[in-house]
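S.K.: Read off the chains here:
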Amino acid sequence: MRPNIYVKDKVAIVGAGLTLFRRRLLETPRELAWEASKQALDSAGLTLKDIDCIVIGSAPDAFDGVHFKGEYLADGSGGFGKPTVRVFVGGGTGVMTPIAAWWHVASGLCKTVLAVGEEKMSHAYPHPQGVFAYIWDPILERPLRPNLIWIFALEMARYMHVCKASKEDIALVSVKNKRNALDHPAAQAAANITVDDVLKSEVLVWPVQLLDISPVSDGAVALVVASEKIARRVTDTPVWIDGVGFTLDNTHWYNRDLSYPRYLEYAARMAYKMAGIERPWKEIDVAEPYDPFDYKELHHIEGLMLARRCEAPKLLKEGYFDRSGELPTSPSGGLLGVGNPIAAAGVMKVAELFWQLRYEAGARQVKKPVHKAVANAWGDLMQVGTVIVLST
Amino acid sequence: MRSIRLPGMYLREEDLRKLVGVIEYTPRARYSYSAGQALSEFLRGLREGRILGRLCPSCNRVLVPPRVYCEHCYTQTTEWVEVPGTGRVESVVVSYIGTARERLEKPEIIAVIRLDAPGYGRDSFDFAGLFHKLCGVTEDDVKSGRVIGLRVKPRWKPLELRTGSILDIECFEPEVVESERA
Numbered sequence: 006m007r008p009n010i011y012v013k014d015k016v017a018i019v020g021a022g023l024t025l026f027r028r029r030l031l032e033t034p035r036e037l038a039w040e041a042s043k044q045a046l047d048s049a050g051l052t053l054k055d056i057d058c059i060v061i062g063s064a065p066d067a068f069d070g071v072h073f074k075g076e077y078l079a080d081g082s083g084g085f086g087k088p089t090v091r092v093f094v095g096g097g098t099g100v101m102t103p104i105a106a107w108w109h110v111a112s113g114l115c116k117t118v119l120a121v122g123e124e125k126m127s128h129a130y131p132h133p134q135g136v137f138a139y140i141w142d143p144i145l146e147r148p149l150r151p152n153l154i155w156i157f158a159l160e161m162a163r164y165m166h167v168c169k170a171s172k173e174d175i176a177l178v179s180v181k182n183k184r185n186a187l188d189h190p191a192a193q194a195a196a197n198i199t200v201d202d203v204l205k206s207e208v209l210v211w212p213v214q215l216l217d218i219s220p221v222s223d224g225a226v227a228l229v230v231a232s233e234k235i236a237r238r239v240t241d242t243p244v245w246i247d248g249v250g251f252t253l254d255n256t257h258w259y260n261r262d263l264s265y266p267r268y269l270e271y272a273a274r275m276a277y278k279m280a281g282i283e284r285p286w287k288e289i290d291v292a293e294p295y296d297p298f299d300y301k302e303l304h305h306i307e308g309l310m311l312a313r314r315c316e317a318p319k320l321l322k323e324g325y326f327d328r329s330g331e332l333p334t335s336p337s338g339g340l341l342g343v344g345n346p347i348a349a350a351g352v353m354k355v356a357e358l359f360w361q362l363r364y365e366a367g368a369r370q371v372k373k374p375v376h377k378a379v380a381n382a383w384g385d386l387m388q389v390g391t392v393i394v395l396s397t
Numbered sequence: 008m009r010s011i012r013l014p015g016m017y018l019r020e021e022d023l024r025k026l027v028g029v030i031e032y033t034p035r036a037r038y039s040y041s042a043g044q045a046l047s048e049f050l051r052g053l054r055e056g057r058i059l060g061r062l063c064p065s066c067n068r069v070l071v072p073p074r075v076y077c078e079h080c081y082t083q084t085t086e087w088v089e090v091p092g093t094g095r096v097e098s099v100v101v102s103y104i105g106t107a108r109e110r111l112e113k114p115e116i117i118a119v120i121r122l123d124a125p126g127y128g129r130d131s132f133d134f135a136g137l138f139h140k141l142c143g144v145t146e147d148d149v150k151s152g153r154v155i156g157l158r159v160k161p162r163w164k165p166l167e168l169r170t171g172s173i174l175d176i177e178c179f180e181p182e183v184v185e186s187e188r189a
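From first to last, the protein sequence lines are chains A and B.
My numbering puts the first residue of the first sequence at 6, with every later residue one more than the last.
My numbering puts the first residue of the second sequence at 8, with every later residue one more than the last.
Wrong hints could be hidden among the right ones.
Simulated crosslink set (DSSO-like; lysine-lysine; CA at most 27 Å straight-line) [unchecked claim]:
| no. | chain 1 | residue 1 | chain 2 | residue 2 |
| --- | --- | --- | --- | --- |
| 1 | A | 205 | B | 164 |
| 2 | B | 140 | A | 169 |
| 3 | B | 150 | A | 322 |
| 4 | A | 319 | B | 140 |
| 5 | B | 150 | A | 172 |
| 6 | A | 172 | B | 113 |
| 7 | B | 25 | A | 169 |
| 8 | A | 87 | A | 13 |
| 9 | B | 164 | A | 172 |
| 10 | B | 25 | A | 205 |
Think of the hints as simulated: they come from the structure by calculation, not from any bench.
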């Protein structure tokens, strides 16, 4: 299949950098953005002078308690005196950030873009969960005094029911990802745990327990994105952005079947078509499906069409998604293991694929040869799908 | 990724409190929301013990909760249609925590209800539905998986306590109580 769109410039990722992911960091949001951006520029051998445009991704303003968060982060992200935009699609922001960087370059508008994802969730206390109270519909949902985890639990319960997946099957994702994260230098929640540990952890909203969920985190990740001409000049191993996709499902989330992420299939089809991928389950070598919850990785593996519907739990049990498996997923350790500073976490997944495709992931490098990769993110009230396909 | 020492300094909560110049701030913002064209009527219906939907003339779905447009066809919905309020449990969970993650004394059972409404197939991906509490089932019922698919109906608040709110429905409850079924 041929790519179906005309782009002015082919687009590549040429550098990446990140900070530690931790429950609480000393640095301000701007400082975190600066640390990650500086490292990304250094890794590409570029300086801010070489950068044309800035794309910032950051999730709800309410975490920081500062509105206009894009502007607030701008100077730390190198945005002073340059065309700068912030994108925000809830949890989907992390992958939307490099997608927006892609269209800045593909359109010919900019030759180089610094794409920065930053999140500092620790400002809000006693728990940032309180801030999530403001994302619900004020008329029909808020009077029920919901907790954000309700909707994910409802989705997980429905997935378990339709796919006949057990809590044990799903807990294996958490075991795998936290173990993978032991090799990630930024990791906040890396651990050698067992299925039993997950099942014995605090029950929050059954079926969701504490170890089914990624932690609350602070952190930042940045990428340097460039046109083909510049990419070939600055590196021997550019990682191409072959396809991007983003769609929304119905915001009336209790008016649709929660067992399957339709929002993701639509976005994935868009990205695969652009990338000329017809059989993702055969053609993709390594994936970073979005995993804020353990069931979500399985859900997203299916939505990305890397497995048939309801087939992911079985393949997981067989080791198919391990680093040494046929289709490694979340070799970074994912959000469950590395941490979940919302917008930064999605960019971290794309950064991981950048390192994997360049064989620079060190102890995290997957066993098989890798050429094509896919990452996704998901957010808002469960309806945002963002997908990016990379290759070497 | 060659550098292993990454920037960032971890702070425990007690470290944070010891820092110079930590700012405490509680935002003060108050809101009053109008329910709009469709939901105002829907809430009036709830006060009368009726669940109202809007009919899309193009795809014949009855949308609950109602909207003035059908998002599938992007056309104006034309008619108010009362639905029986009965339906089946699409998904169900037990919440042990409240809005700010505090532990609840008494766990709550929360469900998505697939309502009986014209215009949808039995197991269609899209359906008319509500998100509400569920009564008359136990935590163990939920965890055993028996509750998904259960037929339910709304339990209304006493008329004099209804205010035109989603809370005028106290909860959904099984259509047939366990003892009657046996």
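S.K.: Taking the hints in turn, state whether each one holds.
M.R.: A quick look at each hint next to the structure:
A hinted pair counts as satisfied when its Cα atoms are at most 27 Å apart, and residue 205 (chain A) with residue 164 (chain B) does not qualify at roughly 38 Å. For the given pair, residue 140 (chain B) sits about 24 Å from residue 169 (chain A) by alpha-carbon distance, which is consistent with the 27 Å threshold. Annotation: proposed proximity of residue 150 (chain B) to residue 322 (chain A) holds, straight-line Cα distance about 23 Å (limit 27 Å). For the proposed pair residue 319 (chain A) and residue 140 (chain B), the alpha carbon gap of about 33 Å is over 27 Å, so the pair is violated.
For the suggested pair residue 150 (chain B) and residue 172 (chain A), the alpha carbons sit about 10 Å apart, so the restraint of at most 27 Å is met. A C-alpha spacing of about 23 Å is found between residue 172 (chain A) and residue 113 (chain B), which places the hinted pair at or below 27 Å, so the restraint holds. A hinted pair counts as satisfied when its Cα atoms are at most 27 Å apart, and residue 25 (chain B) with residue 169 (chain A) does not qualify at roughly 50 Å. About 21 Å separates the Cα atoms of residue 87 (chain A) and residue 13 (chain A), which keeps this hinted pair within 27 Å; it holds.
This hinted pair does not check out: residue 164 (chain B) and residue 172 (chain A) have alpha carbons roughly 36 Å apart, beyond 27 Å. Distance restraint check for residue 25 (chain B) and residue 205 (chain A): the Cα-Cα separation of roughly 35 Å exceeds the 27 Å cut-off, and the hinted pair is therefore not satisfied.
Violated hints, listed in ascending order, are 1, 4, 7, 9 and 10; each of the other numbered hints is respected by the structure.
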